[in-house]
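Colleague: Throw the hints in and build the complete structure from the sequences for me.
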Amino acid sequence: MSRPVRFLVCLVVAGVFVLPLVAMVVIAFTPRDALLDGGASLWTGRWTLDNFRGLFDQFPVARWFGNALLVASLTTLLSVTVNLLGGYALAKLRFRGRGLVVLVVLATLVVPTQVIMIPQFELVARLGLVGFFWAVILPSASTALGLFLARQFFVGFPDELVEAARVDGCTTFQAFRRVVLPNARPLMAVMTLLAFMTQWNDFLWPLITLRDPDLYTLPVALRLLQTAYDNDYGGIMAMALLSSLPLLVMFVVLQRYFVAGITRSGIR
Amino acid sequence: MTAPVVEPPPPLVGTTGSRGQARVAWTMLAPNLLLLGVFLLGPLVWAFLMAFQEKRSFGGGTWSGLDNFARLLGDDVFWRALLNTAVFTAVTVPVGVLLGLGLALLMDKALPGRGVFRTIVYLPIVISSLVTSLIGLLLFDETVGIVNGVLADLGLGAVSWQSDGTLAMASVIVMTLWSRVGFSMVVYIAALQDVDPQVVEAARVDGATPWQTTRRVVVPLLRPTTFFLVLINLIWSFQVFDVVYVMTNGGPGYSTTMLVTYAYDEGFGPARNFGYGATVGVVLFVITVLLTVLQVRRNTRSEV
Numbered sequence: 001m002s003r004p005v006r007f008l009v010c011l012v013v014a015g016v017f018v019l020p021l022v023a024m025v026v027i028a029f030t031p032r033d034a035l036l037d038g039g040a041s042l043w044t045g046r047w048t049l050d051n052f053r054g055l056f057d058q059f060p061v062a063r064w065f066g067n068a069l070l071v072a073s074l075t076t077l078l079s080v081t082v083n084l085l086g087g088y089a090l091a092k093l094r095f096r097g098r099g100l101v102v103l104v105v106l107a108t109l110v111v112p113t114q115v116i117m118i119p120q121f122e123l124v125a126r127l128g129l130v131g132f133f134w135a136v137i138l139p140s141a142s143t144a145l146g147l148f149l150a151r152q153f154f155v156g157f158p159d160e161l162v163e164a165a166r167v168d169g170c171t172t173f174q175a176f177r178r179v180v181l182p183n184a185r186p187l188m189a190v191m192t193l194l195a196f197m198t199q200w201n202d203f204l205w206p207l208i209t210l211r212d213p214d215l216y217t218l219p220v221a222l223r224l225l226q227t228a229y230d231n232d233y234g235g236i237m238a239m240a241l242l243s244s245l246p247l248l249v250m251f252v253v254l255q256r257y258f259v260a261g262i263t264r265s266g267i268r
Numbered sequence: 001m002t003a004p005v006v007e008p009p010p011p012l013v014g015t016t017g018s019r020g021q022a023r024v025a026w027t028m029l030a031p032n033l034l035l036l037g038v039f040l041l042g043p044l045v046w047a048f049l050m051a052f053q054e055k056r057s058f059g060g061g062t063w064s065g066l067d068n069f070a071r072l073l074g075d076d077v078f079w080r081a082l083l084n085t086a087v088f089t090a091v092t093v094p095v096g097v098l099l100g101l102g103l104a105l106l107m108d109k110a111l112p113g114r115g116v117f118r119t120i121v122y123l124p125i126v127i128s129s130l131v132t133s134l135i136g137l138l139l140f141d142e143t144v145g146i147v148n149g150v151l152a153d154l155g156l157g158a159v160s161w162q163s164d165g166t167l168a169m170a171s172v173i174v175m176t177l178w179s180r181v182g183f184s185m186v187v188y189i190a191a192l193q194d195v196d197p198q199v200v201e202a203a204r205v206d207g208a209t210p211w212q213t214t215r216r217v218v219v220p221l222l223r224p225t226t227f228f229l230v231l232i233n234l235i236w237s238f239q240v241f242d243v244v245y246v247m248t249n250g251g252p253g254y255s256t257t258m259l260v261t262y263a264y265d266e267g268f269g270p271a272r273n274f275g276y277g278a279t280v281g282v283v284l285f286v287i288t289v290l291l292t293v294l295q296v297r298r299n300t301r302s303e304v
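Heads up: the sequence lines are chains A and B, in that order. To convert, note that position 194 of the first sequence is 194 in the working numbering; the numbers rise steadily by one, no gaps. To convert, note that position 2 of the second sequence is 2 in the working numbering; the numbers rise steadily by one, no gaps.
If you're looking for bench data, these hints aren't it; they were derived computationally from the structure. Glycine included, every Cβ here is placed at the ideal spot set by N, Cα and C.
Which stretches of chain A does chain B cover? Using the computed rule of at least three CB atoms under 8 angstroms from a CB of chain B, they are:
#1 88-96
#2 116-127
#3 241-249
Some chain A residues well away from chain B (every beta-carbon gap over 10 angstroms; in silico):
#4 Asp33
#5 Asn183
#6 Thr192
#7 Asp214
#8 Tyr257
Modeller: Pasting the structure below:
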C-alpha cells in the first residue's frame with residue numbers, strides 16, 4: 001500500500017474508533033429537551049452544562065469520586081506489593097513446590113469472577129466485611145495476572161546483578177530491595193496502571209458488597225444511575241464521562257510507560 | 001554495618017536451593033498466597049461443592065448429588081447460552097486478532113500522525129466495560145439511538161437493534177471489538193519491533209512483493225504473539241459478561257444470553273438458585289480450561 005492510501009485508511013479507522021467517545025462527550029453536553037425532541041444526535045448545535053449540574057445537585061458525586069480513588073489506590077498498593085514479592089520468589093528463588101505454585105496461579109487466571117461471586121460473597125459476609133471498603137479491596141488485590149506479570153518480568157532479570165549484591169553481603173531480601181526493585185520501574189508502572197484501572201472500573205462486586213450509597217464508587221453509582229434514569233442519556237453520559245476522565249488523563253500522560261510495560265513485561 | 005547477617009552467606013541465585021532460601025521464598029510468597037487462597041481458590045473450591053448442592057440461601061444447602069447436572073442436560077436455556085457463547089467467541093476472537101494484526105501492520109511504518117492514530121485505537125482500553133456498554137446503548141438504542149438517527153437522516157428506516165436477536169448480538173459484538181482491538185494492536189506493534197529487518201530485506205531482495213513478505217515472512221515470525229492473543233481473547237470471549245449484562249441483559253428473549261450471564265442470573269437473579277448457578281459456572285470453568293489446554297497443546301505441537 002502506498003503511503004497516501006495507508007494514511008487515508010488510518011484516517012477512516014481512527015474516525016470509526018473515536019466515534020463512540022465523541023458520542024459520549026457530545027451527548028454529555030447536549031440539553032435534555034434536544035435529546036427528547038429528535039433523539040440523540042452528534043450535532044444539535046446546542047450545548048449545556050445542565051447534565052453535570054443536575055448530577056452534582058442530586059448526588060454526592062465528589063464523595064463517590066473520593067471513594068473510588070481511595071478504594072482503587074489501596075487495592076493497587078496492596079496488589080502491587082504482594083505481587084512484586086511473590087513474583088520475585090517464583091522467578092528467582094529455588095524451593096520445593098515452586099512448579100506447583102506457578103501451575104495453580106496459571107489455573108486461577110481462567111477463573112471467571114462472576115462464577116465465584118456467590119461463595120466470595122458468603123465469605124466476606126462471614127468475615128463481617130460487607131459494608132466496608134475491605135470487602136472490595138481484599139478480594140480484588142489477589143489477582144493472578146499481576147503475580148504472573150511480575151514473575152515473567154523477573155525471570156528475564158539478569159542473575160549477575162543479584163549475585164553481585166549477594167557477594168557484597170546482602171541477604172536475599174536486601175538484594176531484592178536495593179538492586180532488583182530500583183531496576184523494576186517499568187514493571188511497577190504497568191502493574192500499577194493495570195491494577196488501578198481494573199479496580200477503578202469495577203462496578204458489580206462493589207455494588208453487591210458495599211450496600212451503602214455513601215460508600216459507593218463512581219462506576220457503581222453510574223450503574224445505578226443507568227437503571228434509575230432509563231434513557232436520560234444526557235445525565236448518564238455526563239456521569240460516564242466523569243468516571244472515565246481520570247483514566248483517560250492518566251493514560252494520555254503515562255502512555256509511554258503503558259506501551260513500554262506491555263513490551264517489556266513479557267505479556268506478549 | 002547493622003545487625004549480623006542472619007542468613008548463611010551467598011547460596012547464590014541459581015544454585016540449588018538451601019533451606020534458608022526456601023524459607024525466604026515462602027515468606028515473600030505468603031501474603032500473596034494468603035490472599036489468593038482465601039479470596040480466590042477457596043471460593044473456587046466452594047463453588048465446585050455448591051454445584052452438588054441444593055442451595056438457595058446463604059448458609060444453607062443440602063447435598064443433592066448430580067441433580068443440578070441432570071437438570072443442566074435438559075435445560076434449553078443452558079444450551080442456548082452455550083451456543084450463543086460459542087457464536088460470540090467464534091466471531092470476536094478471529095476478527096479481533098486479525099483486526100489487531102492489520103492495524104499494527106498499517107501503523108508500523110512511518111506515517112504522518114501515526115502516534116495520534118495509534119492512541120485513538122487503543123484509547124478504548126481504559127474505558128470501562130460499563131461505560132463501553134452505556135455508549136453501546138446510546139449508539140444502538142432503537143428509538144433515540146445515534147445509529148438509527150443517522151440512518152433516518154439518510155432516509156433509511158430504523159433498524160431493530162434491540163428487538164431482533166441477531167442484531168442485538170451484532171451490537172454486542174461491535175462494542176466488544178471496539179474495546180478490545182487496541183490491545184491486540186499494541187501487542188502486535190511491540191512484537192513487530194522485534195522482527196529482524198534483515199530477514200524482511202532478504203525476502204525483498206529475493207523478489208517477494210510487500211504482500212508476500214508480510215504474508216510469508218512477517219506473519220509466521222509473529223506466531224508466539226498470535227498464540228498469546230488468541231488464547232487471551234478466547235478466555236475473554238468465553239467469559240463475556242459486562243457488555244451483555246448492561247447492553248441486553250441476555251435479551252431479547254434468550255438470544256444474547258451467555259454462560260456467565262446465565263450463571264449470574266441463576267445465582268443472583270430472582271431465581272436465587274445458588275447451587276444451579278454454581279453448576280453452570282463450573283461447566284464454564286471446565287470448558288475454559290479445556291480450551292486453554294487444547295490451544296497450548298496445538299501450539300507446542302506446531303512448534304516442534
